[in-house]
Amino acid sequence: MPDEEIQTMNRSPVVHTAPDRPLPAPVHVAPTWLGPVLIVGIVLAALNLRPAITSLGALFEETRTGLGMSGTVAGVITSVPTLCFAVFGVTAPRLSRRFGPAAVVCAGMAAVAAGLLIRPFADDAAAFLAASALSLAGIALTNVLLPVIVKRYFPDRVGTMTGLYSMALAAGTSLAAAATVPLTGALGGSWRTGLMIWAVLALVAVLPWLPIARASRRAARAEAAAAGSGEGTAVRADTGPRVVRSRTAWALACYFGLQATGAYVTMGWLPQIFRDAGVSASTAGVLLAVTMVMGVPLAFVIPGLAGRMRSQGPIAVTLGLFGLAGYLGLYFAPAAGAWAWALLLGVSNCAFPLVITMIGLRAKSPAGVVKLSAFAQSTGYLISIPGPLVIGTLYQHSGGWDLPLALMAGLLVPQIALGVLAGRDRTIEDECGMRD
85 MPDEEIQTMN
95 RSPVVHTAPD
105 RPLPAPVHVA
115 PTWLGPVLIV
125 GIVLAALNLR
135 PAITSLGALF
145 EETRTGLGMS
155 GTVAGVITSV
165 PTLCFAVFGV
175 TAPRLSRRFG
185 PAAVVCAGMA
195 AVAAGLLIRP
205 FADDAAAFLA
215 ASALSLAGIA
225 LTNVLLPVIV
235 KRYFPDRVGT
245 MTGLYSMALA
255 AGTSLAAAAT
265 VPLTGALGGS
275 WRTGLMIWAV
285 LALVAVLPWL
295 PIARASRRAA
305 RAEAAAAGSG
315 EGTAVRADTG
325 PRVVRSRTAW
335 ALACYFGLQA
345 TGAYVTMGWL
355 PQIFRDAGVS
365 ASTAGVLLAV
375 TMVMGVPLAF
385 VIPGLAGRMR
395 SQGPIAVTLG
405 LFGLAGYLGL
415 YFAPAAGAWA
425 WALLLGVSNC
435 AFPLVITMIG
445 LRAKSPAGVV
455 KLSAFAQSTG
465 YLISIPGPLV
475 IGTLYQHSGG
485 WDLPLALMAG
495 LLVPQIALGV
505 LAGRDRTIED
515 ECGMRD
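Under our numbering, the residues of the sequence shown are numbered 85 to 520, in order.
What the hints contain is simulated information worked out from the structure, not anything from laboratory work. Careful, some of the hints might be misleading.
Cut-off 20 Å, straight-line C-alpha distance, at most; resulting in silico cross-link-like pairs (SDA-like, lysine to any residue) [what the hints assert, rightly or not]:
#, residue 1, residue 2
1, 448, 505
2, 448, 331
3, 448, 515
4, 448, 334
5, 448, 394
6, 448, 326
7, 448, 240
8, 448, 329
9, 448, 498
10, 448, 509
11, 448, 355
12, 448, 377
13, 448, 262
14, 448, 485
15, 448, 385
16, 448, 241
17, 448, 302
18, 448, 513
19, 448, 244
20, 448, 511
21, 448, 328
22, 448, 405
23, 448, 510
24, 448, 395
25, 448, 370
Here are the in silico distance ranges between beta carbons for each label pair [what the hints assert, rightly or not]:
#, residue 1, residue 2, range
26, 269, 498, 42 to 50 Å
27, 298, 366, 43 to 51 Å
28, 473, 152, 44 to 52 Å
29, 423, 210, 35 to 43 Å
30, 510, 141, 35 to 43 Å
31, 291, 417, 43 to 51 Å
32, 116, 416, 56 to 64 Å
33, 269, 182, 43 to 51 Å
34, 162, 366, 17 to 25 Å
35, 162, 505, 47 to 55 Å
36, 207, 356, 28 to 36 Å
37, 505, 210, 41 to 49 Å
38, 361, 163, 39 to 47 Å
All C-beta atoms in this analysis are idealised placements derived from N, C-alpha and C, irrespective of residue type, glycine included.
Sequences and hints are given; from them, build the entire structure.
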């Protein structure tokens, strides 16, 4: 975002009620419609952060056959989301400084919609991959900047607002996974139609961000004019803490990476674990849906709870212990306690809304949040890339799930330790020696 806007927002959030005494200049007062529209925009954006991935997963076999993909190409496509999240997420701070976070989120939603509209018309795997990458780039930017939007416009309600969009994200994930196949059948059975329908939701999400982006840019220009500074006297564009010097930032990044590893392993391999244990294919699919649906209510509860605590370490420990119990159950009695293990792993996977909340709490300013969010998410997604591939390799070469499950349970130990470190009551600005 423009630097003069960062300084202004540190002094006075845009969304607030009118003060008792008149402001010296009207540029600080937000339009009355901005708060409600922001909430709608945040929820709609969050709903669109996973359907591009989970809708493809539901129709992957049909898509692979329709485009004549080889097994190698299909494997590459399944690895692209985390790679795109890491690569494109790094660009979010620079784009945010240049255009403002609201404008970048608006463009991100437009990219998601465009990619979802284009990829059903692809005639080969390369074109399909390029269109998917466009959608994933928009998702990556929005992933990074939603915590920034929350910190900037709702600084006193970080936990509540993070819970709201985390719940919407979980709902969008589950909805696309569960509804894509039935909707495809109802609309004629073509995988191309089944993938395209999610572009409608993305197009709807663009609408509220258009006026939000315009209002944000007008506020930035008005503040610059009122201060008499203009663009020429702005401070350096790299304002904010050097996150690589912060131990908390590294703890958050590694915690993000390990929780993402667990989540993607669960989404990719949990049904197969149950099927190999003798559970039917249909029941295995329902068990995965149960695991994913657990994130909807908990994604709202956990951030609100975390926002009221000085240290979020106890929540990280609790979620990790749920995961350990789930993996141990899968190891010793995968079929007998299948429903219990699915529920336990669903709770454990709610480490995602926890780490997103901590990103907003571990930085004082919007400039700090945008750098911390980009660093933690990009580094974390890079860390998570090998996880599902390693688990698949161990499964193939060991001939069973004992070794992969032991590895996943073992990874929860450093995840818990990192969650405790990341949850300490401190900020990256303090660690980098920056004053308020």
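Right, here's what the structure says about each hint:
For a cut-off of 20 Å, the pair hint linking residue 448 to residue 505 stands: about 18 Å separates their Cα positions. Distance restraint check for residue 448 and residue 331: the Cα-Cα separation of roughly 16 Å lies within the 20 Å cut-off, and the hinted pair is therefore satisfied. Among the hinted pairs, residue 448 with residue 515 is consistent with the structure: their alpha-carbon atoms are about 12 Å apart, no more than 20 Å. As the CA atoms of residue 448 and residue 334 are separated by approximately 17 Å, the hinted pair is consistent with the 20 Å bound.
Proximity of residue 448 to residue 394 is assessed by CA-CA distance (about 14 Å); at most 20 Å being required, the pair is judged to hold. For the hint pairing residue 448 with residue 326, the CA-to-CA distance comes to about 13 Å; that is within 20 Å, so the pair holds. Between residue 448 and residue 240 the alpha-carbon distance is near 12 Å, which keeps this suggested pair within the 20 Å criterion. Proximity of residue 448 to residue 329 is assessed by CA-CA distance (about 16 Å); at most 20 Å being required, the pair is judged to hold.
The straight-line distance between the Cα atoms of residue 448 and residue 498 is roughly 27 Å, outside the 20 Å bound, and the hint therefore fails. For the hint linking residue 448 to residue 509, the alpha-carbon distance of about 12 Å falls within 20 Å, and the restraint holds. Among the hinted pairs, residue 448 with residue 355 is inconsistent with the structure: their alpha-carbon atoms are about 42 Å apart, more than 20 Å. As the CA atoms of residue 448 and residue 377 are separated by approximately 33 Å, the hinted pair breaks the 20 Å bound.
A hinted pair counts as satisfied when its Cα atoms are at most 20 Å apart, and residue 448 with residue 262 does not qualify at roughly 39 Å. For the proposed pair residue 448 and residue 485, the alpha carbon gap of about 44 Å is over 20 Å, so the pair is violated. For the hint linking residue 448 to residue 385, the alpha-carbon distance of about 23 Å lies beyond 20 Å, and the restraint is violated. Taking the CA atoms of residue 448 and residue 241, the gap is near 14 Å; set against the 20 Å cutoff, the hint holds.
Pair hint residue 448 plus residue 302 does not hold up; C-alpha atoms about 24 Å apart against a cutoff of 20 Å. For the hint linking residue 448 to residue 513, the alpha-carbon distance of about 7 Å falls within 20 Å, and the restraint holds. With a CA separation close to 17 Å, the supplied pair residue 448 and residue 244 stays within the 20 Å bound. Restraint check for residue 448 and residue 511: satisfied, since their Cα atoms lie roughly 7 Å apart, inside the 20 Å limit.
Our distance criterion of 20 Å between C-alpha atoms is met by residue 448 and residue 328, whose separation comes to about 16 Å. Of the supplied pair hints, the one linking residue 448 and residue 405 is violated, its CA atoms being roughly 30 Å apart against a limit of 20 Å. Restraint check: the Cα-Cα separation between residue 448 and residue 510 comes to about 10 Å, which is no more than 20 Å; the hinted pair holds. For the proposed pair residue 448 and residue 395, the alpha carbon gap of about 16 Å is at most 20 Å, so the pair holds.
Under the criterion of a C-alpha separation no larger than 20 Å, the hint pairing residue 448 with residue 370 is inconsistent with the structure, at around 42 Å. Separated by about 44 Å at the C-beta atoms, residue 269 and residue 498 satisfy the suggested range of 42 to 50 Å. Between residue 298 and residue 366, the C-beta spacing of about 49 Å keeps the proposed range 43 to 51 Å intact. Range check, residue 473 to residue 152: about 23 Å between beta-carbon atoms, so the 44 to 52 Å window is missed.
Residue 423 and residue 210 have their C-beta atoms about 42 Å apart, which keeps the hinted 35 to 43 Å range intact. At roughly 39 Å, the beta-carbon separation of residue 510 and residue 141 lies within the given 35 to 43 Å, and the hint holds. Look at residue 291 against residue 417: about 49 Å separates their beta carbons, and that is inside 43 to 51 Å. For the pair residue 116 and residue 416, the beta carbons lie near 58 Å from each other, so the given range of 56 to 64 Å is met.
One distance hint, 43 to 51 Å for the beta-carbon pair residue 269 and residue 182, holds here, with the actual separation near 45 Å. Take residue 162 and residue 366: their Cβ atoms lie about 22 Å apart, and the range 17 to 25 Å holds. In this structure the supplied range 47 to 55 Å is violated for residue 162 paired with residue 505, their Cβ-Cβ distance being about 31 Å. A C-beta distance of roughly 31 Å is found between residue 207 and residue 356, which places it inside the suggested range of 28 to 36 Å.
At about 43 Å, the beta-carbon gap between residue 505 and residue 210 stays in the expected band of 41 to 49 Å. One distance hint, 39 to 47 Å for the beta-carbon pair residue 361 and residue 163, is violated here, with the actual separation near 26 Å.
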